[in-house]
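Student: Here is what each chain is made of, one letter per residue.
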Amino acid sequence: MRVDNISLDRRQFLGGLFSTGAFVVAARLVPAELFAQAPAAAILNTKADTAALHPSVYLGIEPDGTVYLVTHRSEMGTGIRTSLPLVAADELDADWSRCRIEQGVGDTRYGDQNTDGSRSIRDFYDAFRVAGASARTMLITAAAAQLNVPVGELTTANHEVVHARSGRRVGYGALVPAAAKLQVPARETLRFKPKADWKFVGKETEIYDLTPIVTGTAQFGLDVHRDGMVFASIEHPPVVGGTIRSIDSKASLAVKGVTSIETLDPPKPPLLFQPLGGVAVIGRNTWSVLQGRRQLKIEWNDGPNTTLTSAPFRTAMIERVKQSAKVARNLGNVDAEFAKGGKTLEAVYYTPMAAHASMEPPAAVAEFRNGKAEVWCPTQNPQAAQETVAAALGIDKRDVTCHVTLLGGGFGRKSKPDYAAEAAVLAKKLGKPVKVVWTREDDIRHDFYHTNAAVYHKATVDAKGRPTAWLKRSVFPPIASTFGAPEPMNFELNMGLDDSPYDVPNIRAENAGAGAHVRIGWFRAVSNNFHAFALHSFADELAHAAKRDPLEFLLDLLGPGKAIDLKAQGVDYTNYGAPIDKYPVDSRRLRRVLEVAGEKSNWAKRPSGNGRGMGIAAHRSFNSYVASVVEVEVDRQGRLKIPRIDMVADPGVVINPDRVRSQLEGAAVMGVSLAMFGEITATNGRIDQKNFDGFRVARMNDAPIQVNVHFAESGDLPTGVGEPGVPPVIAALANAIYAATGKRLREMPFSKQKLV
Amino acid sequence: MRLTVNGKPQNYEDDPDMPLLWYLRDDLRLTGTRFGCGAGLCGACTVHVNGQAVRSCQTKMGTLESKTVLTIDALGEGGKLHPVQRAWIQHDVPQCGYCQSGQIMQAAALLKTTPNPTDVQIDSAMSGNVCRCGTYQRIRAAIKTAAKERA
Numbered sequence: 001m002r003v004d005n006i007s008l009d010r011r012q013f014l015g016g017l018f019s020t021g022a023f024v025v026a027a028r029l030v031p032a033e034l035f036a037q038a039p040a041a042a043i044l045n046t047k048a049d050t051a052a053l054h055p056s057v058y059l060g061i062e063p064d065g066t067v068y069l070v071t072h073r074s075e076m077g078t079g080i081r082t083s084l085p086l087v088a089a090d091e092l093d094a095d096w097s098r099c100r101i102e103q104g105v106g107d108t109r110y111g112d113q114n115t116d117g118s119r120s121i122r123d124f125y126d127a128f129r130v131a132g133a134s135a136r137t138m139l140i141t142a143a144a145a146q147l148n149v150p151v152g153e154l155t156t157a158n159h160e161v162v163h164a165r166s167g168r169r170v171g172y173g174a175l176v177p178a179a180a181k182l183q184v185p186a187r188e189t190l191r192f193k194p195k196a197d198w199k200f201v202g203k204e205t206e207i208y209d210l211t212p213i214v215t216g217t218a219q220f221g222l223d224v225h226r227d228g229m230v231f232a233s234i235e236h237p238p239v240v241g242g243t244i245r246s247i248d249s250k251a252s253l254a255v256k257g258v259t260s261i262e263t264l265d266p267p268k269p270p271l272l273f274q275p276l277g278g279v280a281v282i283g284r285n286t287w288s289v290l291q292g293r294r295q296l297k298i299e300w301n302d303g304p305n306t307t308l309t310s311a312p313f314r315t316a317m318i319e320r321v322k323q324s325a326k327v328a329r330n331l332g333n334v335d336a337e338f339a340k341g342g343k344t345l346e347a348v349y350y351t352p353m354a355a356h357a358s359m360e361p362p363a364a365v366a367e368f369r370n371g372k373a374e375v376w377c378p379t380q381n382p383q384a385a386q387e388t389v390a391a392a393l394g395i396d397k398r399d400v401t402c403h404v405t406l407l408g409g410g411f412g413r414k415s416k417p418d419y420a421a422e423a424a425v426l427a428k429k430l431g432k433p434v435k436v437v438w439t440r441e442d443d444i445r446h447d448f449y450h451t452n453a454a455v456y457h458k459a460t461v462d463a464k465g466r467p468t469a470w471l472k473r474s475v476f477p478p479i480a481s482t483f484g485a486p487e488p489m490n491f492e493l494n495m496g497l498d499d500s501p502y503d504v505p506n507i508r509a510e511n512a513g514a515g516a517h518v519r520i521g522w523f524r525a526v527s528n529n530f531h532a533f534a535l536h537s538f539a540d541e542l543a544h545a546a547k548r549d550p551l552e553f554l555l556d557l558l559g560p561g562k563a564i565d566l567k568a569q570g571v572d573y574t575n576y577g578a579p580i581d582k583y584p585v586d587s588r589r590l591r592r593v594l595e596v597a598g599e600k601s602n603w604a605k606r607p608s609g610n611g612r613g614m615g616i617a618a619h620r621s622f623n624s625y626v627a628s629v630v631e632v633e634v635d636r637q638g639r640l641k642i643p644r645i646d647m648v649a650d651p652g653v654v655i656n657p658d659r660v661r662s663q664l665e666g667a668a669v670m671g672v673s674l675a676m677f678g679e680i681t682a683t684n685g686r687i688d689q690k691n692f693d694g695f696r697v698a699r700m701n702d703a704p705i706q707v708n709v710h711f712a713e714s715g716d717l718p719t720g721v722g723e724p725g726v727p728p729v730i731a732a733l734a735n736a737i738y739a740a741t742g743k744r745l746r747e748m749p750f751s752k753q754k755l756v
Numbered sequence: 001m002r003l004t005v006n007g008k009p010q011n012y013e014d015d016p017d018m019p020l021l022w023y024l025r026d027d028l029r030l031t032g033t034r035f036g037c038g039a040g041l042c043g044a045c046t047v048h049v050n051g052q053a054v055r056s057c058q059t060k061m062g063t064l065e066s067k068t069v070l071t072i073d074a075l076g077e078g079g080k081l082h083p084v085q086r087a088w089i090q091h092d093v094p095q096c097g098y099c100q101s102g103q104i105m106q107a108a109a110l111l112k113t114t115p116n117p118t119d120v121q122i123d124s125a126m127s128g129n130v131c132r133c134g135t136y137q138r139i140r141a142a143i144k145t146a147a148k149e150r151a
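Chains A and W, in that order, are what the protein sequence lines are. So the first sequence is residues 1 to 756, counted in our numbering. So the second sequence is residues 1 to 151, counted in our numbering.
In isolation and in its complexed conformation, chain W is listed as follows (with noise of 0.2 Å):
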C-alpha cells in the first residue's frame, strides 16, 4: 500500500495491524510524535491525517491507502515554524517537552476548523492531551496567540 509521510510518498507491506506511531517511529524513525499510553488516552502520539488530528497509537496502519500523514517533525513550512509552534515559543509553554508535540499538533487541527476558538472550544478540544508538567495555562494563552496570528 501506499502513504504520503510529510510529503514523502512512502510504500508499506508489513503487519497491516501496526498502529501508525510505531511505523513512525521505528520504521522511518521520526521520533517527534512520541509514545504516551498505547491507548488513547494521553494524546502525545497525535499527528495528522488527511488534515485531522488522530492518535497514531490507534490508526492501524491498513487504514492509511492513500492518506497523507503530518508529523510535528514537518508541521513548519518551508523552512518556517508553523504559528503554533511560534505561539509555543512565545509563552515559554514546555517544561519536559515530551507531550508538546501531540499539543501542538492538537493545537493546530484546532485552530484549523475553529480559527478563533473561545476557552471552551480549547478545553474541549485539548482535553485529551495530558501534560504532566502542568502547562495547561500557558497552551490556552499560546493557542489565542497563535489565532491572532493567524487572523
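Isolated chain A, as found in the complex (with noise of 0.2 Å):
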C-alpha cells in the first residue's frame, strides 16, 4: 500500500486556502485601527458599541457607570470570555462588578477570530490593554477640567478617578458625556499601570460563567432556540467524498414527527470545510428525527476513500519513515559522523488517529430570510462559519450573521464549521429556522481526525552518551490535504519535527506527507503531539542507554541555553504566527521549567523501580514552555496507576493564575487520555468507533489522581496555554512506566500494551 497517493492540484491548494481565511499563520492578526468603528450592520451592534463612551472596539462605558467588554474570541473552557476583558478593566481600574461581558459576533472589525493556535493572549493582550487605558485616560482628562486640577495630580481606583489632595472623587459613569466628547488617543501617549498596581492580571477571579454553568442556565449551541424552528439530523456518507446512490425514505417518513427528507450536496475538492453532504431527516424535535435517521435506506457510491485500512496503512507508514525524505532542517552533517560508526540507537514511534470528542457534540441554529443568513453556533471561528456559510449558500458573507454560544468543548474540532452551513442550507431550503444536532456518532465517525503519524529517530553518541548526530524523520497525512496538498504545511514541522532545542553539533529533519483519506483537522497542540512524544521519548531512551539520570541528562542536552537560530539551519519557522525577534526559541526557559520541575516533584528524592517510576520531559509550544513529571505505578497485573503529575509552565506574564492551573491541569487529563486510549481506526474508508465505548476517553478512574502546577514565570511576553501542557504529558507518562517496568512503549494507545 501507498502512503503517498493523494495527488491534487497546488493551485485548488492555494485558492482554497486563502478564500477559508481560516489558516493564515503568519498573517497580522490585530486589525491595525482597533478604535471603534461602525459595524457593518445595526444587527451586528454590541452594548459596547451603542455606549456613550465607546474608545475602542472591545470596551463601552454607559453614565450609569456599567462598562461593556466585548470578548471576539470563543469561549470552549479556556477561561478567555473572562481573561481579555480582565486586561481591559486592569487597566481601566474598573469595578469588576460593574462590568458586563458581550460575546462578539464573527465581524472583522474585531481582527482575528479564529479561537486555536493558544494566540488569543498572546495576540490581544496589548489590544485590550489599550482599550481600558484609552478609556482610563479620557477619563482622567474629562475629570481635570471637571475639578479644574491639572492631569498629573488625578489617579483611579476602582471606578472612579481620585483627586488626593483636595480629597475629591467622581464615579466613571458621572464623567462619560464629557469623556465621550473627547478624542481617543493615541496609543503612544498611553501610559500603562506598573505591574505593582495591577489589580486583576496576576491575580485569581473567578469565570464570568461560572454560575450560570453550575445552575444549568449557560446557553451552548445545542439551548439555542428559535420560534418555529424544525429540527434535523443528518446521516453523512459513511466514506469522504461519497456520494448517494439511492435512498429509500419511505419507512423513515412514516415516523411519528418527521416532516420531510432533504438531500445534502457532497463538497467540491478540496474539502475544506464544507459539509460532507448526506442524507438530513427534518422533523418537530430531535427524537423524531434520530428515529427517522434510523429508518432510512441508503445506498452509497463510496469513492476512492474505502483505501484507508488502518492496519496496512500503519504499516506502510512504519517502512515510509525507514526511507529519506524532504529536509526540513539541516546543520552540520548527520550522515559523515553516523559514518564514523559509533555507537547508534534508532527507534520507530507510531500514533494513530484520534478523536476530539468534545462533550457537545456539533450543534448549529440557522435561519434564511431576505437573502441573508443568520446562525448561532458554538464555533471557535465565527469569520471561517460566515465564509464557510456564504460559500454554501452563494451568497456574501458580509450577509452572514454568526453569533458565538459558549462552546462545549472545541479541541479545533469547532474551528471547522461545517455544521454551521448545513443548518444554513437546511434553513434555505426549508424556509424556516432549523437546529442541527449531531450525534455523538456523526461526531466520531464524521471528525477533521487529529492524524496519525510515524516518526524515526537515529543518533550517534559520543562516550558520555550525548548524541553527535540526530536525525528525525515523520511521516503523517497532513492537515494541508483538507486544503487540498498533499505536503505537509510549514507550521505542521514546526511543531517538535524541526524545531527541537536539544544542542547536538550535527542534525536533520526531514518529512514526508501521507495520503489523507479522511479529513485531517487540527487537535489540540496539534503535531507537537506525536512529534514530542517520539522527541522527548528518544531522548530517554539515550539517557537511560548512557546510564545517566534524565533530568541531568536533558539539561546537559539543552546546554547552557541561547535563543536558537533555526533559521540558520534551514528551517522555514512559522513560529505560530509570532515575531521570532519577540517570541525566540529560548532554551534557557525550557531549562528552568525542567530545573524547577526536578525541584517541585522531588525529582531526585523519589527513585523509580519496583513498578513504581517518574519520567520527565519538556517542550515548547505555542511559545509557551512547560515541563511535566509524571509518577506511575504498575501493579504485577499490568495495571496503570498515575498517582501525581506536576506541570511547570512559563507562559509569561499570567493573566488569570487559576485559569493556567485549570488548562494544565486539564492538558495532563487530555495527555494521558491520548496516550492511553486515543485511537480512531478505519477499515476500507469506513471509522470503527462509534461512540465513547468504542473511542475511550480518560474517566475519573483513569485520570491522574493528583496534578500539581507550577510557574516558572518569566515575566516574558504572554502566550498561550490552551494547548501547551499536551505534548510533554505523553512523552513523559512513556518515560516514567519505562522508569517503573523497564518497558518502552513507541505506540500508542499505551492500553493495548502490556506493561508487564
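No lab work stands behind these hints: they were computed from the structure. In this text, all values refer to a predicted model and were calculated from it rather than measured experimentally. Be aware that a few hints might be false.
Cross-link-like lysine-lysine pairs, in silico, PhoX-like; alpha carbons within 25 Å at most [what the hints assert, rightly or not]: (1) A:Lys-641 to W:Lys-144; (2) A:Lys-567 to A:Lys-326; (3) A:Lys-743 to A:Lys-343; (4) A:Lys-464 to A:Lys-343; (5) A:Lys-372 to A:Lys-326; (6) A:Lys-690 to W:Lys-60; (7) A:Lys-256 to W:Lys-60.
Covered stretches of chain A, as calculated for chain W (at least 3 residues, CB under 8 Å) [said to hold, decoys possible]: (8) 58 to 68; (9) 72 to 79; (10) 131 to 141; (11) 446 to 453; (12) 693 to 700.
Glycine is no exception: its CB is placed at the ideal position from the N, C-alpha and C atoms.
Relying on the hints, combine the two individually framed chains into one complex.
Tutor: Structure representation (C-alpha cells):
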C-alpha cells in the first residue's frame, strides 16, 4: 500500500487556503485600527458599540457607570471570555462587578477570531490593555477639566477618578458624557499601569459564566431556540467523498414527527470546511429525527477513499518513515557523523488517529430571510463560519451573521464550521429556522481527525552518551490535505519536528506527507503531540542507554541555553505566527521549567523501580514552555495508576492564574487520555469507532489522581496555555512507564500494550 | 400519563419510547440537562428520578408514570444553591462547563446515599461521567467540600 497517493492540483490548494482565510498562520492578526468603527449592520451592534463612551471595539461605558467589554474570541473552557476583559478592566481600574461581558459576533473589525493556536492572550493582551488605558485616560482628562486640576494630580481607583490632594472623587459614570466628547488618545501617548498596581492581572478571578454553568442556565450551541424552528439530523456518507446512489425514505417519513427528507450536496475538492453532504431528516423534535434516521435506507457510492484500512496503512507508514524524505532542517553533517560508525541508537514511534470528542457534539441553528443568513453555533471561528455558510448559500459573507454561543469543548474541532453550513443550507431550503443536531456517533465518525503519524529517530553518541548526530523524520497525512495539498505545511513540521532545542552539532529533520483519506484537522497541540512523544521519548532512551539520570541528561542536552537560530539551519520557521525576535526559541526557558520541575516533584528523592516510576519531559509549543513529571505505579497484572503529575509552565505574564492552572490540569488529563486510549481506526474508509465505548477517553478512575501546577514565570510577553500542556505529558508518561517497568512504549495507545 | 418535573405536575401523551432527555430539552425547554452520547456512556444527561441519579437519554418516558423528576435547573432550593453547586463554585471546577450539570446531579445523588464518600466511592460513583476538559481532580475536591458542608 502506498501512503503518498494523493495528487491534487496545487492551485486548488492555494485557492482553498486563501478563500477560507482560516489558516493564515503568519498574517497580522490584530487590526491596525482598534478604535471604535461603525459596525457593518445594525444587527451587529453590541452594547459597547452603543454606549456613550466607546473608545474601542472591545469596550464601552454608559453614564450609569456600566462597562461593556466585548470578547471576540470563543469560550470553550480556557476562560478567555473572562481573561481578555480582565486585562481591559485592569487598565481601566474598573470595579469588576460593574463590568458586563458581551460575546462578539463574527466580524473582521475585531481582528482575528479563530480561537485556536493558543494565541488569544498572546495576540490580544495588548489590544485589551490599550482599550482599558484609552478609556481611563479619557476619563481622567474629563475629570481634570471638571475639577479644574492638572491631569498629573489625578489617579484612579475602583471605578472612580481620585484627586488625593482635595479628597474629591468622581465616579466613572458621571464623567462619561464629558469624556465621550474627547478624542481617543493615540496608542503612543498611553501610559500603562506598573505591575505593582495590577489589580486583576496575576490575581484570581472566577470565570464570568461560573454560576450559569453550575445552575444549568449557560447557553451552549445545542440550547439555542428560535420560534418556528424544526430539527434536523443528517446521515453523512460513511466514506469521505461518498455520494448517494439511492434513498428509500418511505419508512423514515412514516415516523411520527418527521416532516421531510432533504438531500445535501457533496463537497467539491478541496474539502476545506464544507459539509460532507448526505441525507437530512427533518422533524418537529430531536427524537423524531433520530428515529427517522434509523429508518432511512441509503446506498452510497463510496468513492476513492475506501482504500484506507488502518492496519496496512500503519505498516506502510512505518516502512516509509525509514526511507529518506524532504529535508526540513540541516545542521552540520549527520551522514558524515553516522559514517564514523560510533554507537548508534534508532527507534520508530507510531501514533494512531484520534477524535476530538468534545462533550457537546457539533450543533447549529440557522435562519435564512431576504437573502441573508443568521446562524447560532458553538464555533471557534465565527469568521470562517460566515465564509463557509456564504459559500454554501452562494451569498456574500457580509450577509451572514454568526452568533457565537458557549462551546461545550472545542479542542480544534469547532474551528471547522461544516455544521453551521448544514443548518444554513437547510434553513434556506425549508424557509424556516433549523437546528442541526449531530449525535455522538456523527461526531466520532465524521471528525476532522488528529492525524496518525510515524516518527523515526536515529542518533550516534559520544562516550558520555551525548548525541553527536541526530536524525529525525516524520510521516503523516497532513492538515494541508484538508486544503488540497499533499505535503504538510511548514507549521505542521514546526511543531516538534524541526524546532528541537537540544544542542547537538549535527542535526537533520525530514518529513513526508502520507495520503489522507479522511478529513484531517488540528487537535489540541496538533503535531506537537506525536513529534514531542517521539522526540522526548528518544531523549529518554538516550539517557538510559548512557546510564544517566534523565533530568541531568536533558539539561546537558539543552546546554547552557540560548535563543536558537533555526533559520540558519534551513528551517522555514513559522513560530506559531509570532515574530521570532519577540518570541524566540529560547532553550534557557526550557531549562528553567525542567529545573523547577525537578525541584517541585522531588525528582532526585523519589527513585524509580519496583513498579513505580517517574518520567520527565519538557517542550516548547505555541511560544510557551512546559515541563511535566509523571509518576506511575504498575501492579503485577500490568494495571497502571498515575498518582501524581507535576506541570511547570512558563507562559510569560500570567493573566488569570487559576485558569492557567486549570488548563494545565486539563492538559495532563487529555495527554494521559490520548496516550492511554486515543485511537481511531478505519476499515475500507469507514471509521470503526462510534461512541465513548469504542473511542475511549479518560474517566475519573483513569485520570491522574493529583496534578500540581507550578509557574516558572519569566515575566516575558504573555503566551498561550490552552495547548502547550499536552505534548510533554505524553512523553513523560511513556518515560515513567519505562522507569517503572523497563518496558519502552513506542506506540499509542498504551492501554493496548502489556506493561508487564 | 402524569409526572412531576422540578415540582411542577406535567401531562405527557406523546411517544412512550421518547427518552426523558428530549422531553426535557425540546418539549419543556429545560436545556440545563445536556446531550453527550445518547447511549448512557457519558453521564452529561444525568437527572434525578425519585431521588436517584439516572441517565435521561436512557430513560423512556413510558417508565415515568407518577414519577418525580429533578433537573439541574431546580437543584437549588428556595433560591439558594445546592451545597454541591456551592462547592463547585468554590473550587472553580468547570472549564467549558458542558458536562457539569450531569456531574453535579451525579454528585448530589452520591452525597444523599453516601454523606462522607471515600476516594474509592467517589471514583466509583463518578466514573460514568466524562469530562473531556479534565476537571476530575477539582470534582473530587468539590465533592469532599460539599460533604463537609452538609455534615
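Student: Are the hints correct? Go through all of them and say.
Tutor: Against the structure, the hints:
1. A:Lys-641 to W:Lys-144: Holds, at roughly 21 Å.
2. A:Lys-567 to A:Lys-326: 17 Å, holds
3. A:Lys-743 to A:Lys-343: 22 Å, holds
4. A:Lys-464 to A:Lys-343: Satisfied, since the Cα-Cα distance of roughly 11 Å is no more than 25 Å.
5. A:Lys-372 to A:Lys-326: Violated: Lys-372 (chain A) and Lys-326 (chain A) sit about 47 Å apart, past 25 Å.
6. A:Lys-690 to W:Lys-60: Between Lys-690 (chain A) and Lys-60 (chain W) the Cα gap is close to 22 Å, so the pair holds against 25 Å.
7. A:Lys-256 to W:Lys-60: 16 Å, holds
8. 58 to 68: As far as the segment 58 to 68 of chain A goes, the hint is violated, because 0 residues have Cβ atoms under 8 Å from chain W.
9. 72 to 79: As far as the segment 72 to 79 of chain A goes, the hint holds, because 5 residues have Cβ atoms under 8 Å from chain W.
10. 131 to 141: That given contact is violated, which follows from only 0 residues of the segment 131 to 141 of chain A lying within Cβ reach (below 8 Å) of chain W.
11. 446 to 453: violated (count 0)
12. 693 to 700: holds (count 5)
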